[in-house]
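Spelled out, the chains give:
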Amino acid sequence: MRIRNQRDFRAGAMFVAIGVAFAAFSQSYALGTPARMGPGFFPTMLGVLLALLGGAIVVRSLATGERKPMEKVRWRALVLILLSVLVFAAGLPRLGVVVSIALLVGISSLAAEDFRWKETLASIVVLIALSWLVFVKGLDLQFPVWPVFLVH
Amino acid sequence: MELLANLGLGFAASLTATNIFYCFVGVLLGTLIGVLPGIGPLATIAMLLPITYQFADPTTALIMLAGIYYGAQYGGSTTAILVNLPGEVSSVVTVLDGYQMARQGRPGPALAIAAIGSFFAGTIATLLIAAFAPPLAEVAFEFGPAEYFSLMVLGLIAAVVLAHGSILKALAMVVFGLLIGMVGTDVNSGVARFSFDIPELTDGIELAAIAMGIFGFGEIIANLEQGEAREVFTRKVGRLLPSGAELRASAAPIVRGTALGSFLGLLPGGGAVLSSFTSYALEKKLSRTPERFGKGAIEGVAGPESANNAGAQTSFIPMLTLGIPTTPTMALMIAAMMIHNIQPGPQVMTSNPTLFWGLVTSMWIGNLMLVILNLPLIGIWIRLLTVPYRLLYPAILLFCCIGAYSINNNVFDVYVTLPFAILGYVFRKLDCEPAPLLLGLVLGSLMEEYLRRAMTISRGDWSVFVTRPLSAALLAIAAALLLAVLLPAIARKREQAFAEEES
Numbered sequence: 001m002r003i004r005n006q007r008d009f010r011a012g013a014m015f016v017a018i019g020v021a022f023a024a025f026s027q028s029y030a031l032g033t034p035a036r037m038g039p040g041f042f043p044t045m046l047g048v049l050l051a052l053l054g055g056a057i058v059v060r061s062l063a064t065g066e067r068k069p070m071e072k073v074r075w076r077a078l079v080l081i082l083l084s085v086l087v088f089a090a091g092l093p094r095l096g097v098v099v100s101i102a103l104l105v106g107i108s109s110l111a112a113e114d115f116r117w118k119e120t121l122a123s124i125v126v127l128i129a130l131s132w133l134v135f136v137k138g139l140d141l142q143f144p145v146w147p148v149f150l151v152h
Numbered sequence: 001m002e003l004l005a006n007l008g009l010g011f012a013a014s015l016t017a018t019n020i021f022y023c024f025v026g027v028l029l030g031t032l033i034g035v036l037p038g039i040g041p042l043a044t045i046a047m048l049l050p051i052t053y054q055f056a057d058p059t060t061a062l063i064m065l066a067g068i069y070y071g072a073q074y075g076g077s078t079t080a081i082l083v084n085l086p087g088e089v090s091s092v093v094t095v096l097d098g099y100q101m102a103r104q105g106r107p108g109p110a111l112a113i114a115a116i117g118s119f120f121a122g123t124i125a126t127l128l129i130a131a132f133a134p135p136l137a138e139v140a141f142e143f144g145p146a147e148y149f150s151l152m153v154l155g156l157i158a159a160v161v162l163a164h165g166s167i168l169k170a171l172a173m174v175v176f177g178l179l180i181g182m183v184g185t186d187v188n189s190g191v192a193r194f195s196f197d198i199p200e201l202t203d204g205i206e207l208a209a210i211a212m213g214i215f216g217f218g219e220i221i222a223n224l225e226q227g228e229a230r231e232v233f234t235r236k237v238g239r240l241l242p243s244g245a246e247l248r249a250s251a252a253p254i255v256r257g258t259a260l261g262s263f264l265g266l267l268p269g270g271g272a273v274l275s276s277f278t279s280y281a282l283e284k285k286l287s288r289t290p291e292r293f294g295k296g297a298i299e300g301v302a303g304p305e306s307a308n309n310a311g312a313q314t315s316f317i318p319m320l321t322l323g324i325p326t327t328p329t330m331a332l333m334i335a336a337m338m339i340h341n342i343q344p345g346p347q348v349m350t351s352n353p354t355l356f357w358g359l360v361t362s363m364w365i366g367n368l369m370l371v372i373l374n375l376p377l378i379g380i381w382i383r384l385l386t387v388p389y390r391l392l393y394p395a396i397l398l399f400c401c402i403g404a405y406s407i408n409n410n411v412f413d414v415y416v417t418l419p420f421a422i423l424g425y426v427f428r429k430l431d432c433e434p435a436p437l438l439l440g441l442v443l444g445s446l447m448e449e450y451l452r453r454a455m456t457i458s459r460g461d462w463s464v465f466v467t468r469p470l471s472a473a474l475l476a477i478a479a480a481l482l483l484a485v486l487l488p489a490i491a492r493k494r495e496q497a498f499a500e501e502e503s
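Protein sequences appear in the order of chains A and B.
To convert, note that position 61 of the first sequence is 61 in the numbering used here; the numbers rise steadily by one, no gaps.
To convert, note that position 113 of the second sequence is 113 in the numbering used here; the numbers rise steadily by one, no gaps.
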């Protein structure tokens, strides 16, 4: 059988998987009775419902509707953006906010097609200054400003 | 005269120096992000939600967040008129005639009529909220757990029906949202569900982190894939004030747009977006010269702009009186209330009258600020639009990350955004509209709670939802809505309607 709508097919399959996973995991909690529902009752209900909806989406994607192939994934943007956030989160408690901002902005800027390094350097300086003013001075958020190993 | 007393109470709350200041911050920020395509009010409110933890008074928090919301509608139309690109979804139709007016050398009147129309609509909608919210809340006091559960079912289904795209997928997204809402400690039994022994997860996943991941980061990645092309109107704006003839032509569309928007704003899902589309269609139909539409007809700016602002404001009514979010933005407003330990629902009006009336009156003040603020600042907005996206998105990313961190002063919430960013990206690739997920997410634990209470009272009898008349009526409406869109004939009509909007 040919899958007419690739996107719907995969979306449906995803919902079935998520629904089944939640429903299965809910079985480790007490189900209870309808009058006295345990912590597993409602999640089981929802998980089964989601799996059913996913199944319906899969069935429909096989037969009807327009042909929709998958779009290409542009890994560069996806990976660089996620990486920059990851580095920021890992860096903040250790390297402090100044270095972390430089890393976040530097790495994420590489994701643009029209990357220019001079411009990025300038925007790092501006954003550090702005964050200093708003978050450190203004809102007094609690995080290390400089690398922890330099201060101690 | 209770209305006047209430409004007086509200103005006393909203006219304090702090609240005026944050109302100003809200509308200014809102206009800013409204002007900029690629970042919407949803991501911005999610970003700033954690910072409002720091505010002593929840009224201030809500006033600022609301300001961002309607300020963004406003800013969106500036971009629509000057750049031929909607700054926000709600200003998609403003592009049609607004940009044509700008090209014909009339950008000033187009911007001014959008401002005047929005202000008029904002004023009327504020009065409507003040007049109709109290009686609606009275009705809501009659609701038991069964009614609340059915009302939430209706709210979610109506939101799905009125939204774009496949109903089945939107329903699945709602249920997925409800499931994510299950993560965390179950209030009845104290069992930590789906937390995988991670201590941070026992309080549930932070809504703001999820919204940032799906809407903020997911959108950035998608935008980077598409690339961009903007044609910014950089000539002098020139004459601002509309001529007498232009004002006369706009008066009726503004009034009709306001009426239409005020009504449609009450419905789940559509709100501001739906009302601007409908208003445009209506004005074109009523016009004696429909051929001018799309070629710079001022009615095509006046009507939809009034409608989307009215719709944006009246969508607060269900949120404030029933505690039910009709749009993702309202879901975040509810989250903002819950952060400050205010349980949304009809009791807010009586238990926190200054919050309720302060918020309502601040909307009028905010609208006034927008008119005063925007016309002189148009030059700045134009210059801002020439800033390329490659400089903007790292800044958005940074503010989101710091926002996520500040939720609990913990990088855990920054890590949480990552899987949701991937999920948001996958949703886009699979044509799954992510907004319904957020509605489900907010309602998840509430729905479970009401379901449990209703079933405990009925001693496990499921028929309670159909034997209580009010609950039965709500469910019947939900079922009718669902049936209507799933029936092939009507489904085709609906697709046609949305296709028309898109073209």
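If you are wondering where the hints come from, they were derived from the structure by calculation, not from laboratory data.
Please note that a few of the clues may not be correct.
The calculated lysine-lysine pairs, modelled on DSBU-like cross-linking and capped at a C-alpha distance of 30 angstroms, are [as the list claims (entries may be wrong)]:
hint, chain 1, residue 1, chain 2, residue 2
1, B, Lys295, B, Lys284
2, A, Lys118, A, Lys137
3, B, Lys429, A, Lys68
4, B, Lys285, B, Lys295
5, B, Lys429, A, Lys72
Remember, predicted model here, so these are calculated numbers, not experimental data.
Hints, verified against the model:
As the CA atoms of B/Lys295 and B/Lys284 are separated by approximately 12 angstroms, the hinted pair is consistent with the 30 angstroms bound. The straight-line distance between the Cα atoms of A/Lys118 and A/Lys137 is roughly 28 angstroms, inside the 30 angstroms bound, and the hint therefore holds. Of the supplied pair hints, the one linking B/Lys429 and A/Lys68 holds, its CA atoms being roughly 11 angstroms apart against a limit of 30 angstroms. Between B/Lys285 and B/Lys295, the direct Cα distance comes to roughly 15 angstroms. Compliance with the 30 angstroms bound is thereby established for this hinted pair.
Simply put, B/Lys429 and A/Lys72 have alpha-carbon atoms about 9 angstroms apart, close enough for the 30 angstroms limit, and the pair holds.
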